[in-house]
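Novice: The residues making up each chain are set out below.
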Amino acid sequence: MKKIDKIVFGDNQFFGINHMSQEKAQQQAEKFFDINNIFRVYENVLESGINGIMLNSNDRAREICDYFRENQDKFDAVNFYPSIPYPHKYANMIAEKGILPTINEALFKGNSSRNILSMISRGGSALVTKDAMKLMTMLVDVEMKMFHGLNVKVVFLQNIITDLMLGYGIKEVFVAYSEHIWATYNAAPGFITQNLPLLYKRLKEWGIEDVVICASFNKIGYLMSPDREAYEKIVEENDSEKYQIMAMSTLASGAIPAQEAYEYINKQNIQSVVFGASSKKNIDQTSSLIKL
Amino acid sequence: MIKIGIIGIGRMGISHHAILNSNDKVKITALADNSKFMLSIMKTYLDVSVYTSWQKMLEIEELDAIIVSTPPTFHYEIIKGAFDSGLHVFVEKPFTVNLNEARELTSLFKGSGLINQVGYVNRFNDVFNSIHSLLNKGVIGEIIRFKSEMFANTISEPDDGGSSWRSSTETGGGAVFELASHAIDLVNYLIGEPDRVVGSSLNQIYSKNVEDAVSSTFLYKDGKSGSVYINWCEYSYRKPANKVEIFGTKGKIIADQHSFKIFMTTPNEEHGFRAGWNIRYITDVYRNAAIDIRGTEFSHQLAHFIDCIEIGNSENISSFSEGLRTHRIIAKIFDNNSTNIVT
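Residue numbers (the working numbering), protein chains in the order written: chain C, 1 to 292; chain R, 1001 to 1343.
Think of the hints as simulated: they come from the structure by calculation, not from any bench. Accuracy of the hints is not assured; some may be wrong.
[To be verified] Going by beta-carbon spacing under 7 Å, a handful of chain C positions derived as facing chain R:
hint, residue
1, PHE33
2, ILE161
3, ASP163
4, ALA252
[Claimed, not checked] Output of the computed footprint for chain R on chain C, the stretches with three or more beta carbons under 8 Å from beta carbons of chain R:
hint, segment
5, 194 to 202
6, 216 to 223
7, 280 to 291
[Unchecked claim] Taking lysine to aspartate or glutamate and the DMTMM-like style, the derived pairs with C-alpha atoms no more than 25 Å apart in a straight line are:
hint, chain 1, residue 1, chain 2, residue 2
8, R, LYS1239, R, GLU1149
9, C, LYS97, R, ASP1126
10, R, LYS1027, R, ASP1222
11, C, LYS219, R, ASP1126
12, R, LYS1239, C, GLU105
Glycine is no exception: its CB is placed at the ideal position from the N, C-alpha and C atoms.
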């Protein structure tokens, strides 16, 4: 499998996401309301020598992708790590409209001649069920549209979907997703999870290899279910030719000082770290502390 | 092995299903829903029996418990059916769509030995749990004032006043049932049930037939009082947020799901609080779960339900009688709203 970048720059800070403090999240969201402030941060990222960028397929990412394409010379050497879908868009739609209308709107918005409800009435629900995996790959393609023309290395499935399917234990979803990502995007399939030990166990059982797993990994065991020890054991015994591990939440949303956090991370058999920061100083400092 | 059936496989139903599916003590053996599409997908990929009629499911399947995650208007009938079949029940919030139903179901289950739980998930959040225990220990003294707020961006555009269950109060739609129930339950859990509910106001923002924002004042015989304010058209929030502020004689707490700040008038050595502001983050009080699908509180809440069934413990943290308290308050809010009445 192609080696992933050791350091990947994340995007949570741009979109008001902070697991520890809603107040902090809001302050950041205000700061990055002006998209030029986001572009400025990416300049700093390039300057500090980071060549991996993770971006979630939310509405603002569309504009950011345009910017990357318009400045292709500058971002030529950068590998992109999209994560899909933007879960809150779907969560709200499902709450308001139901699951089926949500899928319908996502796939066929603005195309009234085709829709899933008429597919069902024409072919019966059995037909749609048989094609549930096809439906899933169609949804993937909708989310991936905004990244066209960018050098995509890994396509990550967001943890809310990964973990839901993991809870259900539906192997077919993981197989179909992986095959689709390789075939359509010539990129590695990736899974973001809050349950690394369980996901790892299942992927091995199901014979799914050559994937990237992105999971919370930090010294205090935050967002590491069932416990930190299970995570440490997995990475210690892991063959990184088959499964590359990317650590996220390494600072536990700021609960661990950077120096201490990366002293711990550097000791683990981890292939990559995704982190987010807003200031040039923090970007430079963090990238100098990560020594995988 | 505890055999469970799930009735209603929408957003909450599938999340409960996936969480329970990874619990070794449990087997989800049957699903009921009116969507043939969802049922046929489930049947294709999972080892479950599926039913378009929940009555049929209860009749045919040998179950120990059910999860009810249908629109709230069906809760009452389903829970009565479950009681007749001798099943433990976990029901999503709001418990029912009116006070009478909640009363009847609560007394039905009382003393029956059947575990009953309402999905007020904040009771299983690690921050709110910590505050619950700090308040019980009297760390901030006697409570005088409080504020419980919740904001979400659930409804983001005008509706057509349509016919779904969400667009009518009678069927459990509207921000009071959907969202305020969480903020009210949090008051019940942390502070207790008020004796009087006054000065309630309901606003419409995008909805045609139901309220989108509500505020209300809670009064207690012992003199404490507080306010509740929720808005589910809050475009400035990316995710639903609960906020609680409690002022006591010896200190003050400001909390959300992720962190809390506590101001102490004097130091408290037992909890490591100095005089003045102290900040605790979720990372300080966090408990991992067996599986984390959409936040560990959702896993903890179902683990509690299963534990209660397993050990026959009827002291459920979020039992029907807790759900009933919230309904008593909701009934008072709809009774005496004095301004911006939804017509």
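Novice: Look at each hint and say if it fits the structure.
Specialist: Verification of the supplied hints:
1. PHE33: Hint violated; C:PHE33 Cβ to chain R Cβ min 11 Å, cut 7 Å.
2. ILE161: Violated. Min distance 10 Å.
3. ASP163: 5 Å, holds
4. ALA252: 5 Å, holds
5. 194 to 202: Coverage by chain R holds here, the residue count being 3 at a Cβ distance below 8 Å.
6. 216 to 223: holds (count 4)
7. 280 to 291: violated (count 0)
8. R:LYS1239 x R:GLU1149: 14 Å, holds
9. C:LYS97 x R:ASP1126: Roughly 31 Å between the alpha carbons, so the hint for C:LYS97 and R:ASP1126 is violated.
10. R:LYS1027 x R:ASP1222: Since the Cα atoms of R:LYS1027 and R:ASP1222 sit roughly 47 Å apart, the hinted pair is violated (cutoff 25 Å).
11. C:LYS219 x R:ASP1126: With Cα atoms ~19 Å apart, C:LYS219 and R:ASP1126 stay inside 25 Å; holds.
12. R:LYS1239 x C:GLU105: 21 Å, holds
Hints 1, 2, 7, 9, 10 from the earlier list are contradicted by this structure; the remaining hints agree with it.
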